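Listed here are the chains, written in short residue letters.
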Amino acid sequence: MTDKPLSIHDLPNSYIGRTVPRPNARRLLEGRGCFVDDISLPRMAHVAFLRSPYAHAEIKSIDLSAAAESPGVIRVVEGREMAEHCSPWVGVLSHLAGLKSAPQYALAVGRVRWQGEPVVAVVAQSRAQAEDALALVEVDYEELEPVVDMETALDAGTPVIHPDLGDNLAFERKVDAGDVDAAFTEADAVVEETLHFGRHTGVTLEPRVTLADYNAGDGKLTVYMSSQAPHMMKNIFAIHLGIDEDDVRVVCKDVGGSFGIKIHTYPDEMAAVTLSKMLKRPVKFLADRLESFTSDIHARDHRVTAKMSVKDGRITAIEMDDLTGIGPYSVYPRTSAVECNQVLNLAGGLYDIANYRAVGRVMFQNKNVMCQYRAVGHPIAFSVTEALVESAARAVGMDPVELRRNSVFRDDAYPCTAASGLKFEGLSHQKSLNKIFEMMDYDALRREQAALREKGIYRGIGMAAMIEVTNPSPMFYGIGGAHISARDGVTIRLDPTGGVTALTGVTEQGQGTEAMIAQIVASAVGVAMEKVRVVTGDTDTTPYGGGTWASRGAGIAGEAALQSGRALRANILQVAAAMLQSDAGKLDIREGRVVDADTGAERITLSDLAKTVYYRGNELPDGVSPELIATRHYSPREYPFAFTNGIQACLVEVDIETGFVKLLKYWVVEDCGTVINPQLVDDQIRGGVIQGIGPALYEHCVYDDQGQMQNATMADYLVPMAAEMPDIEIAHVETPTRESALGAKGAGEAGTAGAPGAVANAINDAIASLGGKVTSIPATPERILEALGKL
Amino acid sequence: MNVDREITLTVNGERVTARIEPRKSLVDFLREAQGLTGSHVGCEHGVCGACTVRVDGEIVRGCLTLAAQVDGAVVETIEGVSDSGEIAALQQAFLERNALQCGFCTPGMLLAAAALLKENPSPSREEIREYLSGNYCRCTGYQSIVDAVEAASVAMKEGGR
Chain A
1 MTDKPLSIHD
11 LPNSYIGRTV
21 PRPNARRLLE
31 GRGCFVDDIS
41 LPRMAHVAFL
51 RSPYAHAEIK
61 SIDLSAAAES
71 PGVIRVVEGR
81 EMAEHCSPWV
91 GVLSHLAGLK
101 SAPQYALAVG
111 RVRWQGEPVV
121 AVVAQSRAQA
131 EDALALVEVD
141 YEELEPVVDM
151 ETALDAGTPV
161 IHPDLGDNLA
171 FERKVDAGDV
181 DAAFTEADAV
191 VEETLHFGRH
201 TGVTLEPRVT
211 LADYNAGDGK
221 LTVYMSSQAP
231 HMMKNIFAIH
241 LGIDEDDVRV
251 VCKDVGGSFG
261 IKIHTYPDEM
271 AAVTLSKMLK
281 RPVKFLADRL
291 ESFTSDIHAR
301 DHRVTAKMSV
311 KDGRITAIEM
321 DDLTGIGPYS
331 VYPRTSAVEC
341 NQVLNLAGGL
351 YDIANYRAVG
361 RVMFQNKNVM
371 CQYRAVGHPI
381 AFSVTEALVE
391 SAARAVGMDP
401 VELRRNSVFR
411 DDAYPCTAAS
421 GLKFEGLSHQ
431 KSLNKIFEMM
441 DYDALRREQA
451 ALREKGIYRG
461 IGMAAMIEVT
471 NPSPMFYGIG
481 GAHISARDGV
491 TIRLDPTGGV
501 TALTGVTEQG
511 QGTEAMIAQI
521 VASAVGVAME
531 KVRVVTGDTD
541 TTPYGGGTWA
551 SRGAGIAGEA
561 ALQSGRALRA
571 NILQVAAAML
581 QSDAGKLDIR
591 EGRVVDADTG
601 AERITLSDLA
611 KTVYYRGNEL
621 PDGVSPELIA
631 TRHYSPREYP
641 FAFTNGIQAC
651 LVEVDIETGF
661 VKLLKYWVVE
671 DCGTVINPQL
681 VDDQIRGGVI
691 QGIGPALYEH
701 CVYDDQGQMQ
711 NATMADYLVP
721 MAAEMPDIEI
731 AHVETPTRES
741 ALGAKGAGEA
751 GTAGAPGAVA
761 NAINDAIASL
771 GGKVTSIPAT
781 PERILEALGK
791 L
Chain B
1 MNVDREITLT
11 VNGERVTARI
21 EPRKSLVDFL
31 REAQGLTGSH
41 VGCEHGVCGA
51 CTVRVDGEIV
61 RGCLTLAAQV
71 DGAVVETIEG
81 VSDSGEIAAL
91 QQAFLERNAL
101 QCGFCTPGML
111 LAAAALLKEN
121 PSPSREEIRE
131 YLSGNYCRCT
141 GYQSIVDAVE
151 AASVAMKEGG
161 R
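Those protein sequences? They're chains A and B, same order as listed.
Take the first sequence: its letters are residues 1 to 791, numbered as in the numbering used here.
Take the second sequence: its letters are residues 1 to 161, numbered as in the numbering used here.
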């Protein structure tokens, strides 16, 4: 397109679109990062928690006396005392109409409602001494019948977990667009699937960890946290501890994996921070792995029944019933209704259909809490639509690729609105489908599959198309009353060294946020990337912002960085023009130097310019008021979200004797708009795919009928390891969002969004000819053998 | 039984004498008493590999080894092998291939990869995947790590090491 104006991507010294190493990776490679547990403060004490061994019980009495006498113990606290210092919270938001939840306390008061709920806190000189004392705490429980099965949570005989709420229904939503019944009546075929999605969890390799330091001298609270959202947590600590918010500082240094785990309000962390205030000394809490499994938020846990109709080779309608269990509380402040809400939005957003009807219900139960984890709702929605597509294609004798091709929104259909109400600015389903088709050599794979089948080898090819919510506007949380910034800013400062420091409210958990910001800042200002320092994760110094979640870092803070860099560039050129008696329009900044735009001849280095401004301002012409700093913010306004799209495909081999699945190859085509750093984007996608393969094949929080988690160790809870994972080939289509100059959308969750559907479809493609179909994930060998009628 | 005992060992080339609780794990001793926080604690039951350190030349799980067991031993951590330059080729390959995201598993992964390349200077991708299958990485999906170890193996041969 020759009439397209030059963009930042065309600048001669642009880093946009280039693979460059992450500036912050070197120290991590030398073991010289700084994770919260690496920090020790003077007079630091350690807290350990006694947790409920029961899923549901009345606390009859607690005896802390022996624990209080244990060596090294500083303080022992139970729920009622804790509640005097830390007020309870309720995880509801007004835009999720009807959502209800009960007050949740830092330590259980009166009743425990899941196995793992913290009941007593022991603070001691060392963690080991605190744990020694836990063994001496006496709690007398009276067991209550637990609510474990979401299917029966509303039955008359089922106990109500929070009697004040009336029933165990936390949230319900219905969508009804077009005429589903008519579409089903007229259809060539209607297929139905019931799919089960097991609970799983994030298993961040660094467990949750918090070090709170309350300084009674000035009333200031500093909390070092492994967190994705420092400003959100600052607000929450202030509200519930009764501290002026301006006196709270949250610092996030290196974060050892997060994936949506470290973005919620956890009772143990609230208790640890409260104890620092109570004891007027630093208190550290570090979850051990058992605590992680029973108290980090869990994800998914859905049962979906859905139907799809096909007429004349196109999908015409989808109907869906989604049921999910969220544990005993809606998690604060993001709530546990968002996943169900997303499932409903997304399942009706992938295909160009007019008829969509869905109901989603969210149940309380006596299991660990469930909340937003990487690709919230997406894997459920697209496992459902993509399983239906494969079934529907079989029912009408089409190749599923063809049915998708006929049913997606056409690439020239934008802007448009989906049956579920989602608004799309621009997607590339058709281009992406064509691309993956070529990339994987689909026809050759099908021929190979047929040839191997003759030899008794069962290979399967599965695909999943997807869209992803990225760059969320205030419509995600803020509109419902959450104190979560949808806006993010970047402040950029030129120093006398010629170096540039960029401060931003988004955070780094290993995605490469800091590299991405540095690339954009360097490009926008006109300096080498080595001259850019990026500061994240400190509420005292960075611009107010939302942090990194919902694939918002590159799209939102990236745009702020671009605009801020351009503003600083303009400021610098204004000073340079005055100093050089030139016109700012005739000057440019390239590689740290002010040059003549036409000839590229150097006029002054940024270092010399800044030294003059800071040290010898007397040399500046009258009337020049230099500002070698600039701040810009960005929040999407036009669209609630910048949707991305993509398609994934998987080749598996199923051993029909053992039920083992071997992943042979994986392909992804992704459209996340402007790609800033191809390597970082591809590695986000790869990591995301693996986190989708995990729950498809291995990961499962297994509960018994008493609400006891049965596999809360790393040896028993299986995650993908190097030996089993395939190589993943990735290609891109780039449809930049026009809402920002940068054009970037998010890429952090796409892999996880599509992988479970693609893997499940591949397994079922492999065993379909034997009459088998797996309808529950993880698709364990046991479940595959059951599907084959061998168990 | 619970009386502190004295141990003397070599940590990253320095002679260290310390009094320790018998129950103190090696990784806690290194992190807390020696300030060597590069070895990480991920599971405390020998599964994840984040605490991998070297004792008398062999990689071990720092969480399953008691500090009391290393009396008289030579212990090396990520900080030591970084300063000596011993794993520089691996670190460079990890940097260039972005074979780390959060970095929490990385010290253990690098020590395991170094042990592999010592045993087998030219491993296949399958051999790399197999050898590293005792080290969790939750971020990368492993492909970049396999790429980096493969690249380091080539670089080390070309560099004559």
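Since the hints were derived computationally from the structure, they do not count as laboratory data.
Honestly, I wouldn't trust all of these hints.
Some residues of chain B that are not near chain A, with every Cβ distance over 10 Å (derived) [what the hints assert, rightly or not]:
1. D4
2. E6
3. L9
4. E14
5. V16
6. E21
7. I59
8. Q69
9. G72
10. S82
11. L95
12. S124
13. E130
14. S133
15. R138
16. M156
What follows is a list of derived Cβ distance ranges for each label pair [to be verified]:
17. A/E186 with B/R125: 50 to 58 Å
18. B/E86 with A/A83: 50 to 58 Å
19. A/E138 with B/A18: 35 to 43 Å
20. A/R80 with B/E86: 49 to 57 Å
21. B/E58 with A/V90: 18 to 26 Å
22. A/E454 with B/E86: 30 to 38 Å
The model shown is predicted, which means the values in this text are computed figures rather than measured ones.
Where is the CB? At the ideal position from N, CA and C, for every residue including glycine.
Tested hints:
no. : hint                           : in the structure
1   : D4                             : holds (13 Å)
2   : E6                             : holds (19 Å)
3   : L9                             : holds (19 Å)
4   : E14                            : holds (16 Å)
5   : V16                            : holds (18 Å)
6   : E21                            : violated (7 Å)
7   : I59                            : holds (14 Å)
8   : Q69                            : holds (18 Å)
9   : G72                            : holds (24 Å)
10  : S82                            : violated (4 Å)
11  : L95                            : violated (5 Å)
12  : S124                           : holds (12 Å)
13  : E130                           : violated (5 Å)
14  : S133                           : violated (4 Å)
15  : R138                           : violated (5 Å)
16  : M156                           : holds (16 Å)
17  : A/E186 with B/R125: 50 to 58 Å : holds (52 Å)
18  : B/E86 with A/A83: 50 to 58 Å   : holds (54 Å)
19  : A/E138 with B/A18: 35 to 43 Å  : holds (36 Å)
20  : A/R80 with B/E86: 49 to 57 Å   : holds (56 Å)
21  : B/E58 with A/V90: 18 to 26 Å   : violated (53 Å)
22  : A/E454 with B/E86: 30 to 38 Å  : violated (52 Å)
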